[in-house]
Amino acid sequence: MEPSDSDIKVQLLISPPERWQLLWSAADDLLAEQPSPWEIRTQNADGSTCMPYAVYSEAVNRVERALYEVDAIVGFDWTQWDGLQRYRGGRELAAAPVADACRVLTAITRAERFSDGTIGHALDDGTFQAALLRLRTWYDGIAKAHAEYVHPPQDQSWISRRVGGFRMFQALLRN
2 MEPSDSDIKV QLLISPPERW QLLWSAADDL LAEQPSPWEI RTQNADGSTC
52 MPYAVYSEAV NRVERALYEV DAIVGFDWTQ WDGLQRYRGG RELAAAPVAD
102 ACRVLTAITR AERFSDGTIG HALDDGTFQA ALLRLRTWYD GIAKAHAEYV
152 HPPQDQSWIS RRVGGFRMFQ ALLRN
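Residue numbering for the sequence shown follows this note's numbering, starting at 2 and increasing by one per position.
Mixed in with the good hints, there may be bad ones.
As the list claims (entries may be wrong) - Derived DEER-like restraints, expressed as beta-carbon distance ranges:
{"#": "1", "residue 1": "ALA148", "residue 2": "GLN44", "range": "45 to 51 Å"}
{"#": "2", "residue 1": "GLY48", "residue 2": "PRO17", "range": "31 to 37 Å"}
{"#": "3", "residue 1": "PRO53", "residue 2": "GLN81", "range": "23 to 29 Å"}
Claimed, not checked - Distance condition first, Cα-Cα at most 20 Å in a straight line; then the derived SDA-like pairs of lysine to any residue:
{"#": "4", "residue 1": "LYS145", "residue 2": "ARG63"}
{"#": "5", "residue 1": "LYS145", "residue 2": "ASP72"}
{"#": "6", "residue 1": "LYS145", "residue 2": "ARG66"}
{"#": "7", "residue 1": "LYS145", "residue 2": "ASP126"}
{"#": "8", "residue 1": "LYS145", "residue 2": "GLN12"}
{"#": "9", "residue 1": "LYS145", "residue 2": "ARG42"}
{"#": "10", "residue 1": "LYS145", "residue 2": "TRP25"}
{"#": "11", "residue 1": "LYS145", "residue 2": "LEU14"}
{"#": "12", "residue 1": "LYS145", "residue 2": "SER26"}
{"#": "13", "residue 1": "LYS145", "residue 2": "ASN45"}
{"#": "14", "residue 1": "LYS145", "residue 2": "VAL11"}
{"#": "15", "residue 1": "LYS145", "residue 2": "LEU23"}
Just so you know, these hints were derived from the structure itself, not from any lab. Glycine included, each C-beta is placed from N, C-alpha and C at the ideal position.
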C-alpha cells in the first residue's frame with residue numbers, strides 16, 4: 002500500500018529538529034555551489050578503466066545522507082510514479098504537496114542506484130533544488146511547533162505534551 006500524503010508528513014515529523022538543521026546546512030552549501038559540480042568517471046585513481054560512475058560534491062553527498070536522516074526518502078513504487086515528468090525542472094513544485102517533494106527526492110535518489118548521473122541531471126535542470134526548497138518551505142512553516150511541541154524539552158509538563166499532539170495534528174493539515 003502506498004503511503005498517503007499525511008503518512009509522509011507524520012514520518013517527517015518524527016525526526017528531531019537537529020537532523021533538520023543538518024539537512025538545511027547541507028542544502029545551503031549545495032545551493033551556494035550552483036551549478037553543483039559532478040562528473041562521470043571512467044578511470045580509477047591508478048589509471049585502470051572502470052565502469053562509468055558519477056562523482057558528486059561533498060555538499061550533494063551530505064544532502065543525500067540528511068534526506069535519509071529526516072525520513073524524507075519514502076517507501077513507495079517510484080518506478081511507476083509520474084511525478085518526475087510532472088515536476089520536471091521543478092515546475093509546479095512550489096505549490097505541490099510536501100509529500101510530492103519527498104516523492105521527487107526519493108525517485109531521484111533511488112534512480113541514481115540504477116542509472117549513474119540521475120542526481121546530476123536533476124541538479125542541472127533544477128528539479129532536485131526545487132524539491133529541497135519545497136521541503137524547506139513546509140518545514141519553516143512548522144519548525145516552531147515541531148521544536149516546541151512535537152519534540153519538546155524533557156522537563157515539559159504533561160499538558161504541554163498534550164498540546165504538542167494537537168499542534169502536530171495542525172501541522173499535518175498544512176501543505
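Note to self: Given a hint of 45 to 51 Å, does the C-beta separation of ALA148 and GLN44 actually sit inside it?
What the structure shows: 47 Å, holds
Next item on the list: Take a quick look at whether LYS145 and GLN12 sit within 20 Å of each other, Cα to Cα.
Entry: 17 Å, holds
Check: Does the structure keep LYS145 and ARG66 at a Cα separation of 20 Å or less?
Finding: Not OK: LYS145 and ARG66 at ~24 Å, beyond 20 Å, violated.
Item checked: Proposed proximity, ASP126 with LYS145 (alpha carbon, max 20 Å) -> 32 Å, violated
Notebook entry, point to check: If you draw a straight line from the CA of LYS145 to the CA of VAL11, is it 20 Å or shorter?
Noted result: 16 Å, holds
Next item on the list: Quickly compare the C-alpha distance for LYS145 and TRP25 to 20 Å and report which way the hint goes.
Entry: 15 Å, holds
Check: Does LYS145 pair with ARG42 here, judged by a C-alpha cut-off of 20 Å?
Finding: Answer violated: LYS145 to ARG42 is near 43 Å, above 20 Å.
Note to self: The hint says 31 to 37 Å between GLY48 and PRO17; measuring C-beta to C-beta, is that right?
What the structure shows: For PRO17 against GLY48, whose Cβ atoms are near 45 Å apart, the range 31 to 37 Å is violated.
Notebook entry, point to check: Taking 20 Å as the top limit, are the C-alpha atoms of LYS145 and ASN45 close enough?
Noted result: 47 Å, violated
Next item on the list: Quickly compare the C-alpha distance for LYS145 and LEU23 to 20 Å and report which way the hint goes.
Entry: OK: LYS145 and LEU23 at ~16 Å, within 20 Å.
Checklist line | Distance restraint between LYS145 and ASP72, which requires alpha-carbon spacing of 20 Å or less | finding: OK: LYS145 and ASP72 at ~19 Å, within 20 Å.
Item checked: Pair hint LYS145 and ARG63, alpha-carbon separation not exceeding 20 Å -> 24 Å, violated
The earlier numbered hints that this structure contradicts are 2, 4, 6, 7, 9, 13.
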